[in-house]
Amino acid sequence: MTVTVPAQRRAPLPAPERRGRTEVADRVVSKIACVAAAEVPEVRDVQPRGLPWTPSAGEVHGDQAVVRLNVSVAYPAPLHAVAARLREHVIDRVAAQTGLHVTRLDITMTDVGGDLP
Amino acid sequence: MIKGMNGRRTGRGNRWGLALVGLVLAILGGSALARGLGAFPQNWAAARTTVVDGNVVAFFARTSPGIWWLVALAALVVAVLAVRWLLVQGRRDARRVLRIEDGPTGVTEVSESGMAQAVAADVESSPAVFHAAAHLVGPRPEVRLRVVADESAPMGELSRHLSAVALPHVRDALDRDRVPAVARVSLEPSPSPHRVVR
Numbered sequence: 001m002t003v004t005v006p007a008q009r010r011a012p013l014p015a016p017e018r019r020g021r022t023e024v025a026d027r028v029v030s031k032i033a034c035v036a037a038a039e040v041p042e043v044r045d046v047q048p049r050g051l052p053w054t055p056s057a058g059e060v061h062g063d064q065a066v067v068r069l070n071v072s073v074a075y076p077a078p079l080h081a082v083a084a085r086l087r088e089h090v091i092d093r094v095a096a097q098t099g100l101h102v103t104r105l106d107i108t109m110t111d112v113g114g115d116l117p
Numbered sequence: 001m002i003k004g005m006n007g008r009r010t011g012r013g014n015r016w017g018l019a020l021v022g023l024v025l026a027i028l029g030g031s032a033l034a035r036g037l038g039a040f041p042q043n044w045a046a047a048r049t050t051v052v053d054g055n056v057v058a059f060f061a062r063t064s065p066g067i068w069w070l071v072a073l074a075a076l077v078v079a080v081l082a083v084r085w086l087l088v089q090g091r092r093d094a095r096r097v098l099r100i101e102d103g104p105t106g107v108t109e110v111s112e113s114g115m116a117q118a119v120a121a122d123v124e125s126s127p128a129v130f131h132a133a134a135h136l137v138g139p140r141p142e143v144r145l146r147v148v149a150d151e152s153a154p155m156g157e158l159s160r161h162l163s164a165v166a167l168p169h170v171r172d173a174l175d176r177d178r179v180p181a182v183a184r185v186s187l188e189p190s191p192s193p194h195r196v197v198r
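Sequences listed follow chains A and B, in order.
Per UniProt numbering, the first sequence starts with residue 1, numbered consecutively.
Per UniProt numbering, the second sequence starts with residue 1, numbered consecutively.
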C-alpha cells in the first residue's frame with residue numbers, strides 16, 4: 001500500500017523586485033560620472049581620478065557612492081558655478097541610472113583654458 | 001623665477017641661519033685672535049700658549065663624564081638642525097592646488113599651474129604683449145605676472161588689458177572680489193617686420 005504524502009508547500013517567494021541583489025561596479029559609476037560631467041558645457045575634458053589602490057573614480061559603498069574627477073574647464077568660466085553645476089548634474093545622472101546616491105564628489109580642475117562654448 | 005611663499009620662507013630661513021653661523025664663527029675667530037694678541041688677562045689665557053692648556057684639560061677632567069653627555073647632546077642638536085636645514089632647501093610649494101570649495105558634498109580644487117597657464121594665455125592675447133608667464137600663489141590666491149611687452153606699443157594698452165580683461169577674468173573665475181596681482185613688465189623692441197639684408 002502506498003501512501004501519497006501531499007507535496008510540501010513552498011515558502012512564498014519574495015516580491016520579484018526583491019529577488020537577488022544588484023551590484024553596481026565602481027567602474028560603472030566612474031564611467032557614468034565621466035559622461036555626465038562632460039555634458040556640462042564649460043567642461044572640456046574629464047578624467048577619472050583614482051586613488052593609488054583603485055584606478056576607478058567611483059567608489060560604491062552600499063547604496064552610496066563617492067566620485068573623484070579631474071576636469072578641464074574653459075576659461076574664463078566662473079569655477080565655483082561650474083563646480084556646482086557639475087556636482088548637481090553628475091549626482092542626478094548617477095542617481096537616475098544606478099539608483100546610487102553620490103554623497104561626495106571631489107573635483108580637481110587640473111587644466112583651465114580654452115574658449116568658452 | 002618667482003618663487004612661492006615657501007620659497008620666500010626658505011630664503012629667510014637661510015639668511016637667518018647663515019647670519020647665526022657667521023656670528024658664531026666671527027666670535028670664535030675674534031676671541032682666538034684676541035687671545036693671540038694678548039687681549040685677555042695673561043694669568044687666565046696667556047698669549048703664546050696652546051688653546052687646550054692645563055686649565056681646559058683640568059676643566060674636562062673635573063666635569064667628566066657629565067660634560068661629554070652635554071657635548072654629545074649639543075652635537076646632536078646641531079646635527080638635527082643641519083639635517084632640517086638641508087631638507088628645507090628642497091621644499092617646493094606644497095600647495096599645488098588651490099582649494100576653492102570645501103563642502104559636505106566634496107571639495108573643489110583647481111590646479112595652480114593650470115590656472116596660471118590660463119591667466120598667462122589671457123594676458124598674451126593682448127597685441128602689446130609678446131610673452132607672459134603667470135604664477136598663482138595660494139591659499140588666498142595672488143597672481144604674479146611677468147610680461148614681456150612691445151616697447152613701441154602704448155603703455156596704456158597693456159595696463160588697460162590687465163585691469164579690464166585679464167584680472168577681471170581671474171576674479172570672475174575664482175569668484176573673489178579681490179585678487180592681488182603683481183606684474184613685472186619688461187619692454188623689448190618689436191621684431192622688425194622687414195627682413196634685414198646685409
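Derived by calculation from the structure, the hints in this document are not laboratory data.
Using N, Cα and C, we set each Cβ at its ideal position, and we do this for glycine too.
Careful, some of the hints might be misleading.
Claimed, not checked - Ranges of calculated distance between the beta carbons of each label pair, as one might list FRET restraints:
{"no.": "1", "chain 1": "A", "residue 1": "A25", "chain 2": "B", "residue 2": "V165", "range": "28 to 34 Å"}
{"no.": "2", "chain 1": "A", "residue 1": "P41", "chain 2": "B", "residue 2": "G103", "range": "47 to 53 Å"}
{"no.": "3", "chain 1": "B", "residue 1": "G11", "chain 2": "A", "residue 2": "A38", "range": "27 to 33 Å"}
{"no.": "4", "chain 1": "B", "residue 1": "V80", "chain 2": "A", "residue 2": "A25", "range": "45 to 51 Å"}
{"no.": "5", "chain 1": "A", "residue 1": "P41", "chain 2": "B", "residue 2": "A153", "range": "47 to 53 Å"}
{"no.": "6", "chain 1": "B", "residue 1": "G103", "chain 2": "A", "residue 2": "E17", "range": "52 to 58 Å"}
What the hints assert, rightly or not - Chain B side only, calculated, beta carbon under 8 Å to chain A, not exhaustive:
{"no.": "7", "residue": "G38"}
{"no.": "8", "residue": "V110"}
{"no.": "9", "residue": "D122"}
Unchecked claim - Take a look, some chain B residues computed to stay more than 12 Å from chain A by CB distance:
{"no.": "10", "residue": "L37"}
{"no.": "11", "residue": "R62"}
{"no.": "12", "residue": "V97"}
* If you check the beta carbons of P41/A and A153/B, does the distance land in 47 to 53 Å? -> This hint is violated: roughly 35 Å between Cβ atoms.
* No chain A beta carbon within 12 Å of V97/B's -> 6 Å, violated
* Asked: In this structure, is the beta-carbon distance linking P41/A and G103/B contained in 47 to 53 Å?
  -> Taking Cβ atoms as reference, P41/A and G103/B lie about 22 Å apart, which means the hint is violated.
* **Range agreement (Cβ of A25/A with Cβ of V80/B, hint 45 to 51 Å)** => Hint holds: Cβ distance 50 Å, inside 45 to 51 Å.
* Beyond 12 Å from every chain A Cβ - status for L37/B -> About 65 Å separates L37/B from the closest Cβ of chain A, which puts it past 12 Å; holds.
* **When the least beta-carbon distance from G38/B to chain A is tested against 8 Å, hint result** => With a closest approach of 68 Å, the G38/B hint is violated.
* Distal placement of R62/B relative to chain A, Cβ over 12 Å -> Per Cβ check, R62/B is outside 12 Å of chain A; nearest 59 Å; holds.
* Note whether the CB distance of G103/B and E17/A lies within 52 to 58 Å or breaks it. => 34 Å, violated
* Restraint outcome when D122/B is required to lie within 8 Å of chain A by C-beta distance -> At 7 Å from the nearest chain A Cβ, D122/B passes the 8 Å test, so the hint holds.
* Grab the minimum C-beta distance from V110/B to chain A and call the hint holds if it beats 8 Å, violated otherwise. => Since chain A brings a Cβ to about 4 Å from V110/B, closer than 8 Å, the hint holds.
* In this structure, is the beta-carbon distance linking A25/A and V165/B contained in 28 to 34 Å? -> Since A25/A and V165/B have Cβ atoms about 46 Å apart, the given range 28 to 34 Å is violated.
* Asked: For the pair G11/B and A38/A, does the Cβ-Cβ distance stay inside 27 to 33 Å?
  -> 43 Å, violated
In terms of the numbered hints stated before, the structure departs from hints 1, 2, 3, 5, 6, 7 and 12, listed from lowest to highest.
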